[in-house]
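Colleague: We have chain V; now place chain P onto it with these hints.
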Amino acid sequence: MRIADAKQTYEADEAIWTTQTQKLWFGLFLLVLLVFPFMADSYLLYLGCLVGIAVISTTGLNILTGFTGLISLGQAGFMGVGAYTVAWLSLNTGLPFPVTLLLAGLMAAAVGILVGLPSLRVKKLYLAIATLAASVFLHFIFAEWESVTGGMGGLSLEPAHLFGWSFQSDFMMYFIIVPLAVLMVLAAANVFRTRIGRAFIAIRDRDISAEILGINLLRYKLMSFALSSFYAGIAGGLFAYFYRVVTPESFPLSMSIFYLAAVIVGGMGNLLGGILGAAFMTLVPEALKLLTAALTPFYPDAPVFMSPMLEIIFGALIVGFLIFEPHGLAEIWHRIRRFFHLWPFRN
Amino acid sequence: MSILEISNLSLSFGGVTALQDVSFRVPENTVTTIIGPNGAGKTSLFNCISGFYKPQQGTISYQGQILSGGIKPPKRAALGLARTFQNIALFRGMTVLDNIKLGAHVHMKSGLLSALAYFGPARREEIAVRKDVEQRIIDFLEIDHIRRQPVASLSYGLQKRVELARALAMRPKVLMLDEPVAGMNREEKEDMARFILDIREEWGITVLMVEHDMGMVMDISDHIAVLNFGQVITEGLPEDVQKNPEVIKAYLGNSDIDSLRKKLNPEGEAA
Numbered sequence: 000m001r002i003a004d005a006k007q008t009y010e011a012d013e014a015i016w017t018t019q020t021q022k023l024w025f026g027l028f029l030l031v032l033l034v035f036p037f038m039a040d041s042y043l044l045y046l047g048c049l050v051g052i053a054v055i056s057t058t059g060l061n062i063l064t065g066f067t068g069l070i071s072l073g074q075a076g077f078m079g080v081g082a083y084t085v086a087w088l089s090l091n092t093g094l095p096f097p098v099t100l101l102l103a104g105l106m107a108a109a110v111g112i113l114v115g116l117p118s119l120r121v122k123k124l125y126l127a128i129a130t131l132a133a134s135v136f137l138h139f140i141f142a143e144w145e146s147v148t149g150g151m152g153g154l155s156l157e158p159a160h161l162f163g164w165s166f167q168s169d170f171m172m173y174f175i176i177v178p179l180a181v182l183m184v185l186a187a188a189n190v191f192r193t194r195i196g197r198a199f200i201a202i203r204d205r206d207i208s209a210e211i212l213g214i215n216l217l218r219y220k221l222m223s224f225a226l227s228s229f230y231a232g233i234a235g236g237l238f239a240y241f242y243r244v245v246t247p248e249s250f251p252l253s254m255s256i257f258y259l260a261a262v263i264v265g266g267m268g269n270l271l272g273g274i275l276g277a278a279f280m281t282l283v284p285e286a287l288k289l290l291t292a293a294l295t296p297f298y299p300d301a302p303v304f305m306s307p308m309l310e311i312i313f314g315a316l317i318v319g320f321l322i323f324e325p326h327g328l329a330e331i332w333h334r335i336r337r338f339f340h341l342w343p344f345r346n
Numbered sequence: 000m001s002i003l004e005i006s007n008l009s010l011s012f013g014g015v016t017a018l019q020d021v022s023f024r025v026p027e028n029t030v031t032t033i034i035g036p037n038g039a040g041k042t043s044l045f046n047c048i049s050g051f052y053k054p055q056q057g058t059i060s061y062q063g064q065i066l067s068g069g070i071k072p073p074k075r076a077a078l079g080l081a082r083t084f085q086n087i088a089l090f091r092g093m094t095v096l097d098n099i100k101l102g103a104h105v106h107m108k109s110g111l112l113s114a115l116a117y118f119g120p121a122r123r124e125e126i127a128v129r130k131d132v133e134q135r136i137i138d139f140l141e142i143d144h145i146r147r148q149p150v151a152s153l154s155y156g157l158q159k160r161v162e163l164a165r166a167l168a169m170r171p172k173v174l175m176l177d178e179p180v181a182g183m184n185r186e187e188k189e190d191m192a193r194f195i196l197d198i199r200e201e202w203g204i205t206v207l208m209v210e211h212d213m214g215m216v217m218d219i220s221d222h223i224a225v226l227n228f229g230q231v232i233t234e235g236l237p238e239d240v241q242k243n244p245e246v247i248k249a250y251l252g253n254s255d256i257d258s259l260r261k262k263l264n265p266e267g268e269a270a
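Residue numbers (numbering that gives the first Met the number 0), protein chains in the order written: chain V, 0 to 346; chain P, 0 to 270.
Pulled out of the complex, with its shape left as it was, chain V reads as follows (with noise of 0.2 Å):
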């Protein structure tokens, strides 16, 4: 049953989580965060970080696509420039990691807003298109410019560093990404209760009625750009110093579609539902081969049947989930809590 709902000040009623159970929960996600890299094997800790990664990419892509309305395929590219702009000022400057992400985004985000300048015009599928041609050039600079992005042989970094700890680990590293995953969420939660959230979401529900309102459509799907390729930015250079190698392929065109489902099936404008998805994109297929290990003792062609089967299956998996809940596995869980809110007087 939901309790303790009563606000005595506007300060209350606008905090993002609302109630004592809110923050408890909160609050227990937090420890298990932190409790999680002591307890896990290698394999977990590697699983951690990556769907941390694919957390601050799809929160990007979120704020675009979800919240802003503006179909993206570049964020594969974005990551690139991120994840390039690292390993660049990683071998040639003695930076430290902090400054070398920071700049990443703001690298990747100063592309954004080159690549958004369309958007005034060109909306919807068009601009699905138009990204999709600057994603397009974005790989062709990686593979051809070599005298900075190392041509198809890519760059090679070493680990993140700072105050002389080197980041080399999988377990080092969880400590960077997860936490900077979390405040970046954290951070667009803000963004979504003040005026520029809810700018952004004017112009996905009505651009015309956000103009009237004197939300200027152009500075507002730019800074929407740029505020996303930042997260991918980020996520970009997380990856470069996970990694610790850059190449064109790093970043397919398939990996803005990744992200692009990850939005689709955690649900488009929540960013419960960028978190869900981009955990559910990255650990699924990841379950599916663990299946596939488990039933080989039994089946032994197991391997042989299913491998080809996996990307089916996955396939198969996001339909049948997107079918039974359209607006993704949000709506699930905020159905799951409304059953609670007045549990057990009415179920």
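Simulated from the structure, these hints should not be mistaken for laboratory data.
Check the hints yourself; a few may be wrong.
[What the hints assert, rightly or not] With a straight-line cut-off of 30 Å between C-alpha atoms, the simulated DSS-like cross-links for lysine-lysine are:
hint, chain 1, residue 1, chain 2, residue 2
1, P, 53, V, 123
2, P, 172, V, 122
3, P, 74, P, 108
4, P, 74, V, 123
5, P, 172, P, 71
6, P, 248, P, 188
7, P, 172, P, 130
8, P, 108, P, 172
9, P, 188, P, 172
10, P, 130, P, 108
11, V, 122, P, 74
12, V, 6, P, 108
13, P, 172, P, 53
14, V, 22, P, 130
15, P, 108, P, 71
16, P, 53, P, 71
17, P, 74, P, 53
18, P, 53, V, 122
19, P, 188, P, 108
20, P, 188, P, 130
21, P, 71, V, 123
22, V, 122, P, 108
23, V, 22, V, 6
24, P, 71, V, 6
25, P, 74, P, 130
26, P, 53, P, 130
[What the hints assert, rightly or not] FRET-style restraints, in silico, Cβ to Cβ:
hint, chain 1, residue 1, chain 2, residue 2, range
27, V, 344, P, 127, 30 to 40 Å
28, P, 74, V, 139, 36 to 46 Å
29, P, 85, V, 45, 35 to 45 Å
Even glycine gets a Cβ: it sits at the ideal position worked out from N, Cα and C.
Modeller: Positioned in the frame of chain V, the structure of chain P alone reads:
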């Protein structure tokens, strides 16, 4: 004193003339209504004033300043021209509260960085706006019970009221209402008429309205302009407009007006 003055405005789309040499004025702190049959150009005129259409000829002067084509809709909103739409233009997925807060957008200053951090200036500003919206608007329009509901779930009458609330949050000097009571029942119409009068009297806002409901128009308007086929037939006090033969012709067609008037109002003729 006129707050808004339209002079010789002409607008056409290709060969179709929407407005032809339209001139009229909106006196300050009045309820001014534009009436006219369907297709007379009322909404086109609104769209010219709020900057969506660019008239080929003529000027719109607001507080003595000419609103040229270079002043785009967002700028006009910031200058104090707020409006509602004939077919409600709310953000359907957002809550009532968020819709109204969006009205205050131009009066807020937080940038992206302070929004990301939230605590500090952004929060102070958000709370101040929330307080203002609650105490000044939600209370006044009696919509406190629905503030958390998504707009899509509300009745038509309530949606119109939320749209008015959003326009008020813009702190307008001129409030343009496009058919504020269309499709409402009697009670809702009376509420809306009361709100419009209060807005003018208590808040000193000039109301410019397009409306078909003649009962309400004649009751609450201080000044009426009549539009037909893109031209202003007449403007003036409600009583004068009602008696104008041109207006009667526009509404009832071209027939023997005197006999028609006798039929409609035999006593008035006798007196």
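Colleague: Tell me the numbers of any earlier hints that the structure contravenes, in ascending order.
Modeller: 2, 19, 24, 26 and 29
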